[in-house]
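Keeping the supplied structure of chain F fixed, place chains W, Z and G upon it in accordance with the hints.
Number of protein chains: 4
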Amino acid sequence: MAQKKLNVALIGYKFMGKAHSQAWRTVGRFFDLDAEPVMKAVCGRDEAAVAEFARRWGWETSSTDWREVIGQKDVDVVDISTPGYTHDEIAIAAAEAGKHVFCEKPLCFTVAQAKAMLAAVRKAGVKHMVNFNYRRCPAVALAKKMIDSGAIGQIRHARFTYLQDWLVDPQFPMNWRMRAEAAGSGAHGDLGAHSIDLARYLVGEIGEVVGMQKTFVTERPAEGTSHGISATAGEGTEKVTVDDASVFLAKFTGGAIGTFEATRMAPGRKNFNRFELNGSKGTLVWCFEDLNYLDYYSTEDPGDRQGFRRIIATEGVHPYAGAWWPPGHMMGYDHTFSNAAADLVQCIANDKSCSPCFQDGAQCVAVLEAVDKSIDGGKWAQVEVIK
Amino acid sequence: MAQKKLNVALIGYKFMGKAHSQAWRTVGRFFDLDAEPVMKAVCGRDEAAVAEFARRWGWETSSTDWREVIGQKDVDVVDISTPGYTHDEIAIAAAEAGKHVFCEKPLCFTVAQAKAMLAAVRKAGVKHMVNFNYRRCPAVALAKKMIDSGAIGQIRHARFTYLQDWLVDPQFPMNWRMRAEAAGSGAHGDLGAHSIDLARYLVGEIGEVVGMQKTFVTERPAEGTSHGISATAGEGTEKVTVDDASVFLAKFTGGAIGTFEATRMAPGRKNFNRFELNGSKGTLVWCFEDLNYLDYYSTEDPGDRQGFRRIIATEGVHPYAGAWWPPGHMMGYDHTFSNAAADLVQCIANDKSCSPCFQDGAQCVAVLEAVDKSIDGGKWAQVEVIK
Amino acid sequence: MAQKKLNVALIGYKFMGKAHSQAWRTVGRFFDLDAEPVMKAVCGRDEAAVAEFARRWGWETSSTDWREVIGQKDVDVVDISTPGYTHDEIAIAAAEAGKHVFCEKPLCFTVAQAKAMLAAVRKAGVKHMVNFNYRRCPAVALAKKMIDSGAIGQIRHARFTYLQDWLVDPQFPMNWRMRAEAAGSGAHGDLGAHSIDLARYLVGEIGEVVGMQKTFVTERPAEGTSHGISATAGEGTEKVTVDDASVFLAKFTGGAIGTFEATRMAPGRKNFNRFELNGSKGTLVWCFEDLNYLDYYSTEDPGDRQGFRRIIATEGVHPYAGAWWPPGHMMGYDHTFSNAAADLVQCIANDKSCSPCFQDGAQCVAVLEAVDKSIDGGKWAQVEVIK
Amino acid sequence: MAQKKLNVALIGYKFMGKAHSQAWRTVGRFFDLDAEPVMKAVCGRDEAAVAEFARRWGWETSSTDWREVIGQKDVDVVDISTPGYTHDEIAIAAAEAGKHVFCEKPLCFTVAQAKAMLAAVRKAGVKHMVNFNYRRCPAVALAKKMIDSGAIGQIRHARFTYLQDWLVDPQFPMNWRMRAEAAGSGAHGDLGAHSIDLARYLVGEIGEVVGMQKTFVTERPAEGTSHGISATAGEGTEKVTVDDASVFLAKFTGGAIGTFEATRMAPGRKNFNRFELNGSKGTLVWCFEDLNYLDYYSTEDPGDRQGFRRIIATEGVHPYAGAWWPPGHMMGYDHTFSNAAADLVQCIANDKSCSPCFQDGAQCVAVLEAVDKSIDGGKWAQVEVIK
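Residue numbers (the numbering used here), protein chains in the order written: chain F, 1 to 387; chain W, 1 to 387; chain Z, 1 to 387; chain G, 1 to 387.
Any given hint might turn out to be false.
Put simply, identical chains are the same to the list, so a pair is met inside one copy or across any two.
[As the list claims (entries may be wrong)] Cross-link-like lysine-lysine pairs, in silico, BS3-like; alpha carbons within 25 Å at most:
1. Lys-281 x Lys-214
2. Lys-251 x Lys-145
3. Lys-379 x Lys-144
4. Lys-214 x Lys-251
5. Lys-239 x Lys-251
6. Lys-123 x Lys-387
7. Lys-144 x Lys-352
8. Lys-145 x Lys-352
9. Lys-281 x Lys-239
10. Lys-373 x Lys-145
11. Lys-379 x Lys-251
12. Lys-373 x Lys-352
13. Lys-115 x Lys-251
14. Lys-251 x Lys-144
15. Lys-352 x Lys-115
16. Lys-387 x Lys-239
No wet-lab data here; the hints were simulated from the structure.
Same shape as in the complex, but just chain F (with noise of 0.2 Å):
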């Protein structure tokens, strides 16, 4: 085990407070890293919660104030798992302290916030990473690994899916992820996001986009509030303020053609992430929903045998598989966040550039706003380029 420390303060303990805390408990356990991960601090608003949060995942400190965390001398990375509409001034006051940071996806709501996300951590000279963390499936990083290669040779299509179902029944009550205050918008930043970073990632960059969206079920069963913002609801009910689904259609600057399609009203879809890329020689096939497999299909095979190849990546040949289990022993959900650490803990410590970088975060905003404005302009847009 690595001699040097890296002290993570952790800001949120939800959802992916519990997914980010498991990675750090877990990462130095199967990955031979440069530096040790310290789980030095939680940061929450409840503080009764949040210690004992500290005290089941093993946190040293916790917290109510995520200034006086990010101001710690002993803290070297924040770790942002807020909501998305505090990551901007999280993200800008660490940095400014001089702290590494590494931030759920989405980075932020605007390509202004972004821009200024994206100056802080430039100006301060420290790491960014933002958390796209389908980009450390096995299988996905195997993806990438075949196209540098050249395997399928130039991507005409991309085909990508962000499915899932926990909004179907129009009983489900309000949370603050349907408020556009809270959640910036609703299928289209929480799973659109995702599938453009991961196209930007296996395919290139997005010039063009048009899109629709849609709110199927508009008013639904009030929660109260959450997240310090006051819900709208009246009469027991709450209107929803963000999309249900959102679709569009991307011309990438290489020259391939997509689809995207992100919803959360499809019954049985339950993290139905999926992309199909058809090259010039060949097909590559991915969703979350089998993580472990990647299908290829490759022109190259001979005339009487090609076909979908479907490859268990969980070999040692296969990325970060060999950190785990032996071959066939199945990943999950979590496995990726852990592999993620890794590759953070891996680039902080021998100082390199993270990827994806707060450009890539803002990239993919740039690309989720030229959709909203080809939706109000009801043609084409182009995507504004994050330099």
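Same frame as chain F, now just chains W, Z and G:
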């Protein structure tokens, strides 16, 4: 076997002519029909070839003059299996001669043509049907029946892809399907038309669309000429004048939103005609590459036992299947043509309207045309309503 | 179309008679044969029914006397589609009359019968073929070709299951397939025979077996009598005298080991005729419920790109497929019969041996009989070698 | 978090030691337990290596003397993760020291050993559990629940395969798992034991068996010695003294019939631990390579909507899943160990019997031994009933 006879004349004897001939030979063997189809005449350009075709398939006579054949008194049904650019002239002539018309898809290339064809068959009072054969897969007909019974509630998402790969190789030579004069369009009218028809059948009318198209390989080795239309080749290559891929977003008038993608550039996808429909109570998924299966998810199954149900639609209780084999004895491509022929014969014999009729074919052309218009304008386009 | 004619007489006109008739009608349309089969005569017990069958399917004449039909000078091939207990008598008579014999599986019920049949066709010098139709699925024929080329190395494991579910309901009434006199055995000879034939075709000879059988539902509602064999029913029910399920282990003479399971009691399995073969260099998997696919794994693929390759065996390069449709246009159950008819016609026209021949059919019976013997003795039994 | 502590001592620190350590670190984070496990001590042969392991995984102390560790007053549970040949001695000593015992599978090699172990834990009155971890996949636990509720009626067919491929290459070198002294048997006890345990859990007791085994590669490159047992290698190779594959038929005492196949020689099968159970009312299928899914067919679904239902067992309503992530957030291999640890802790904290206990482990060994006996005798063998 029925006493009543129905004399069929087939125009065209290539791929579709073969498929239709097999259907006419087969349909009366498996189905108990109210009229027995008789393979009266087949018509094509090449006298010797069409004569040999007639002999092989059991057509009583052959001819090179389609107007003459249509004029024969003993012909009841004209079956048009020629390329799309000839459909309108033949169909209108057939109607004027008082013959029932069975026409391959797409009905024609323009809304103007479609209206003329529709007017002709209506004026003549003959039966008219377009051969969107995928409606005749038992699993697709079952989907229709289930949707009508409310199995998936109100449809919110329609996701259609029709992917093939036969043009991936840039050395694959030109043929008539890549020339605008003969084929009208590429993947758009060839594959997209099927998806649009299934969408109208299963979901409802499309009100607005926005799309894009792409020709990835713009020149191909010349083939010469075919179907009487001159090639534009020079120096051994010929310019491709149709799309390789066509993609569009759609707003259905009933509130659903849709994505459509047709391409001949998806390695490994041979005839991947697939749809997924997400409703307020469930999901249905079908793909021709597994044509005998229908996947069904219901939110009304018990909470811990919900899952996609893979229905093998080959039981006696399923549409069409009872006419064929015992359960589990799979059906193939040609069965869809026999099923269509059975429906056509029964409609004519019992003086009922056929489905899909020329109005359906015309409305499909209207959607295709609206997509073209949206591409020209770079923005959403309204779909003309064909009455 | 070929000038030479081959006159066929079909004995039996139920499920198999229908399948064979469709094959004879169809084969010359798709295949370029060296002789054209002519549907000369069909024979069955019920005069009116068989006459109607002849009219519907296009047989020139019908008869109730199979000996007379066999005696006709203008019959070249006798096609036996009757229940198994009649095969030996008809086949021997046909051979003695100098006719080529095409016989449904299983060849017969006992090794003694099989030897007599084999002696008769050899003495007569006629062609003889058993209709193990699953050999004629393009994907299965491709598997054979790949095995012969060494694609999976030396086979070590052979795993055969043939699962159906039509007897799950104890209220499903008796029919001849559940009576030992008419059917010989239950799942064992009906389904197991197919698996054994595929095993011999793909893997090699079986030397020793040990098995077990079970009848889960021992009495069923009576149906009366059928096929001239009296029922043993009393009080409205009848005793089932065959197995519902038959399972055995096998040692192949070439060193592989095998498991075989046939049942009619597997809910959801409609015609689940599946094999998996593990060799020293790869694996092949096929199942009739996805009949157009062959799954192939090769240890010779690059280490990080190994996976089961799902070959759609419908391309022109695949066995049989070129005679039918373009790539991806799926085949069904009946195509296997047409493919078999094509092979038979070509063997007769060109004076070549058929495969599988009566020796193959006999050796299959020998394996079935050895399993019975192993059950009687409660221990491993040797399989008799039929020369 | 619970006030009550439960001190654990782990014996063994290789593959299983790592899996158990991850479980002990993780279980209290996700589950609300009635006692908090404390990682007190770890024990292994190599002093430096085990000390480093303790530091990495968070064990308080390390030792090379397992007897000493077992004797520690502050140890409540002894967790045995060593190779099978050591289990009996350690477990009996632990029981005699009054410790609860958690033992990796297989419990031991012989029925005689198993009886001694069972007697020891019973005499000591301690809790005892065998780590058949696949029972702890949510999908498998769901299968158990469904079977108990009658979802598939009376089970008739049990079809178990456990296929791996890590020994396909004859150049793969020897290790302790291929030596009879250390491993007892090969695929039989390693993989077959898992299948037998799942069969007993889901179907019931096995009364009679008949089997066969095979070693396809009889000599391998020598590795030297390991686990203190001398190798028998000469000339750089070593004789393999266990089976590569083990196959048997089974008669369950409840009337079902079963097939079992375990092998390390199936190319492409990485950890293909699969079962299919056919009952009088339905079917259940599970495979570890898709561990989060359970396939379910019910004959009680409406006739035209029957199909295999693919349940993603990751919802809050499914066993164990509620403790982890939101729906669709897949679980992997290590989660099964955490789930087992949770069950063990709750049983100890609440003074309840564990399952599977040593009696279960012993009965599993009795089945393994009966298969060996059937092979020796070439005939069916009775399974001894362990009381």
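Results for each hint:
no., hint, in the structure
1, Lys-281 x Lys-214, "between (36 Å within a copy, 18 Å between copies)"
2, Lys-251 x Lys-145, "within (23 Å within a copy, 38 Å between copies)"
3, Lys-379 x Lys-144, "neither (32 Å within a copy, 34 Å between copies)"
4, Lys-214 x Lys-251, "both (22 Å within a copy, 10 Å between copies)"
5, Lys-239 x Lys-251, "between (34 Å within a copy, 23 Å between copies)"
6, Lys-123 x Lys-387, "within (14 Å within a copy, 64 Å between copies)"
7, Lys-144 x Lys-352, "within (20 Å within a copy, 50 Å between copies)"
8, Lys-145 x Lys-352, "within (19 Å within a copy, 51 Å between copies)"
9, Lys-281 x Lys-239, "between (48 Å within a copy, 22 Å between copies)"
10, Lys-373 x Lys-145, "neither (34 Å within a copy, 40 Å between copies)"
11, Lys-379 x Lys-251, "both (13 Å within a copy, 14 Å between copies)"
12, Lys-373 x Lys-352, "neither (36 Å within a copy, 50 Å between copies)"
13, Lys-115 x Lys-251, "within (23 Å within a copy, 35 Å between copies)"
14, Lys-251 x Lys-144, "within (20 Å within a copy, 34 Å between copies)"
15, Lys-352 x Lys-115, "within (22 Å within a copy, 59 Å between copies)"
16, Lys-387 x Lys-239, "neither (37 Å within a copy, 39 Å between copies)"
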